[in-house]
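Chemist: Put chain B on the given structure of chain A with help from the hints.
This is what each chain is made of:
Protein chains: 2
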Amino acid sequence: MRFKVGVCQFNPELFNVSRNLAKMESLLSDVSADLIVLPELAASGYVFRSKAEVSSCAEQPQNGPTAQLFKALAKQNKTSYVVGFAEKAKAGLYNSSMLVNPDGKINIYRKTHLFFEEKKWFMPGDTGFKVFTIKGSIKVGLMICFDWIFPESARSLALAGAQIVAHSANLVLPWCQQAMITRSLENRIFSVTSNRTGLEKNGTSKLKFTGMSQIIDPTGKIVSRMNETEEYVVVKEINPLKADDKNVTEYNNLFTDRRTELYLS
Amino acid sequence: MRFKVGVCQFNPELFNVSRNLAKMESLLSDVSADLIVLPELAASGYVFRSKAEVSSCAEQPQNGPTAQLFKALAKQNKTSYVVGFAEKAKAGLYNSSMLVNPDGKINIYRKTHLFFEEKKWFMPGDTGFKVFTIKGSIKVGLMICFDWIFPESARSLALAGAQIVAHSANLVLPWCQQAMITRSLENRIFSVTSNRTGLEKNGTSKLKFTGMSQIIDPTGKIVSRMNETEEYVVVKEINPLKADDKNVTEYNNLFTDRRTELYLS
Chain A
1 MRFKVGVCQF NPELFNVSRN LAKMESLLSD VSADLIVLPE LAASGYVFRS KAEVSSCAEQ
61 PQNGPTAQLF KALAKQNKTS YVVGFAEKAK AGLYNSSMLV NPDGKINIYR KTHLFFEEKK
121 WFMPGDTGFK VFTIKGSIKV GLMICFDWIF PESARSLALA GAQIVAHSAN LVLPWCQQAM
181 ITRSLENRIF SVTSNRTGLE KNGTSKLKFT GMSQIIDPTG KIVSRMNETE EYVVVKEINP
241 LKADDKNVTE YNNLFTDRRT ELYLS
Chain B
1 MRFKVGVCQF NPELFNVSRN LAKMESLLSD VSADLIVLPE LAASGYVFRS KAEVSSCAEQ
61 PQNGPTAQLF KALAKQNKTS YVVGFAEKAK AGLYNSSMLV NPDGKINIYR KTHLFFEEKK
121 WFMPGDTGFK VFTIKGSIKV GLMICFDWIF PESARSLALA GAQIVAHSAN LVLPWCQQAM
181 ITRSLENRIF SVTSNRTGLE KNGTSKLKFT GMSQIIDPTG KIVSRMNETE EYVVVKEINP
241 LKADDKNVTE YNNLFTDRRT ELYLS
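Residue numbers (my numbering), protein chains in the order written: chain A, 1 to 265; chain B, 1 to 265.
Bear in mind the hints are in silico, worked out from the structure with no lab data behind them. Among the hints, erroneous ones may be present.
Because identical chains share one entry, a pair is satisfied inside a single copy or across any pair of copies.
[What the hints assert, rightly or not] Below, computed lysine to any residue pairings styled on SDA-like, alpha-carbon distance capped at 25 Å:
| no. | residue 1 | residue 2 |
| --- | --- | --- |
| 1 | Lys90 | Gln62 |
| 2 | Lys105 | Leu254 |
| 3 | Lys119 | Glu261 |
| 4 | Lys130 | Leu254 |
| 5 | Lys139 | Pro174 |
| 6 | Lys23 | Asp245 |
| 7 | Lys119 | Asp257 |
Isolated chain A (complex conformation) (with noise of 0.2 Å):
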């Protein structure tokens, strides 16, 4: 089966919504995908120091700004998007990342594991680790950033079925990219972590994000690894259903071959 997968990094303005839409809208416009995965917190960037802050820049996960400008791109492009979004729900504000589809549908995931100060204005995700269905039979699962430390959410999504985990980030912890070569091989399933690039300053607040974007197989292998700074797109081909292979060798398939009665958990 031929799917392109494709993978967008570019350095968000803080509170500069719709000069980060009008900077994504030219990066994609053009290109063709099935499926195209944005950083965390894209639209509004990242370092807030106050839930006021978050608020200001925060939206209606099925019709805000980044909800309708997706919308138009998936429908135009007839590709898939997953980016992320600040979250205004009813209970609060959420970390949450959106797969928006050609068909108009929208699917949220709200983000596991907060970190860092994020734990000051978002609420704890709720949605848990759910698989998505795109092209009629492609599972595509959603986790944002930190949750990439846990093994139990790349876990999760595998288990429930996903062949693609889409992966949007803002990172600038050192181990990420590495580690989630160990997620796809563990899993085997296909990784695609796509990291903001880029310096941002709020106050006496500043952080420094790693870029190195990547697209990585089932057996671990580098499909694509980005450079740290520059704002651009690669799109590759890949076969999804090779991850539904779960055999490591004729003896052994890492589903089966788990031994749950003896985890501790």
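Modeler: Showing chain B alone in chain A's frame:
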């Protein structure tokens, strides 16, 4: 706290138990440490072609030749050892490792996840992921080789309190050494992987082992990584109590941040 942990890699000779024990004795007799980890199936070699071949090298866990040598070394050097061996039990054969302490006490771990043709000779381990205390208070967990690819192995040991995972291995695939960095990081534990070296042939069967034994700290730092071919011992000083600190940031604790109610198992 000062604690000396060592790793020994060498090239066992298939079926030649007395030669392999003599080799380990010569490598270890003058080395002082608190804990030294040795490879999987260190006394017997690995490339078996029948259950009868394994049986010819298999040992009683408490008083076989491997147990006898390491009890003597442990007493002499005041060192604990973890070493892999083929275990002869009433129910059958196990791919096991033993923790041998200076007081003569021996604890056994039986490999949970068997690799490739091991399934034809060995029974799947039934001990599970238990943690043992050495030097009065230091918690050591045992796993063997292919257990690495299942994140549940190291996770179970860490949840059981392991500060150090002693990982005896006979690695032939290229991924484990890098993946063990992720295992240390995601659990904030020390991991000590002892991997054998050399090319082993038995009839038409042949395997090349990758060496590169290593000690990784709870932040994913490589304390020591050995070369691919040589037979030697490395000893490093570590502080096992570092593994008790599961905080990644002032807001993030790798254990209390887990959200088990959302995980699939």
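Chemist: Check Lys23 against Asp245 for me: Cα-Cα at most 25 Å, and say if that holds within a copy, between copies, both or neither.
Modeler: neither (38 Å within a copy, 42 Å between copies)
Chemist: Is it within a copy, between copies, both, or neither that the alpha carbon of Lys130 lies no farther than 25 Å from that of Leu254?
Modeler: Both: 20 Å inside a chain and 22 Å across chains, each within 25 Å.
Chemist: Tell me, please, which holds for Lys105 and Leu254 at an alpha-carbon limit of 25 Å: within, between, both or neither?
Modeler: Answer is neither: 33 Å inside a copy and 35 Å across each miss the 25 Å cutoff.
Chemist: Pop the pair Lys119 and Glu261 into one bin, within, between, both or neither, using alpha-carbon distances up to 25 Å.
Modeler: Intra 34 Å, inter 19 Å, cutoff 25 Å: inter-copy only.
Chemist: Check Lys119 against Asp257 for me: Cα-Cα at most 25 Å, and say if that holds within a copy, between copies, both or neither.
Modeler: Between copies only: 11 Å across, 37 Å inside.
Chemist: How do Lys90 and Gln62 come out at 25 Å by Cα distance, when the copy is not named: within, between, both, or neither?
Modeler: within (13 Å within a copy, 63 Å between copies)
Chemist: For Lys139 vs Pro174, is the C-alpha pair at or below 25 Å within one copy, between two copies, both, or neither?
Modeler: neither (29 Å within a copy, 28 Å between copies)
When held up to the earlier numbered hints, the structure conflicts with 2, 5 and 6 and fits the remainder.
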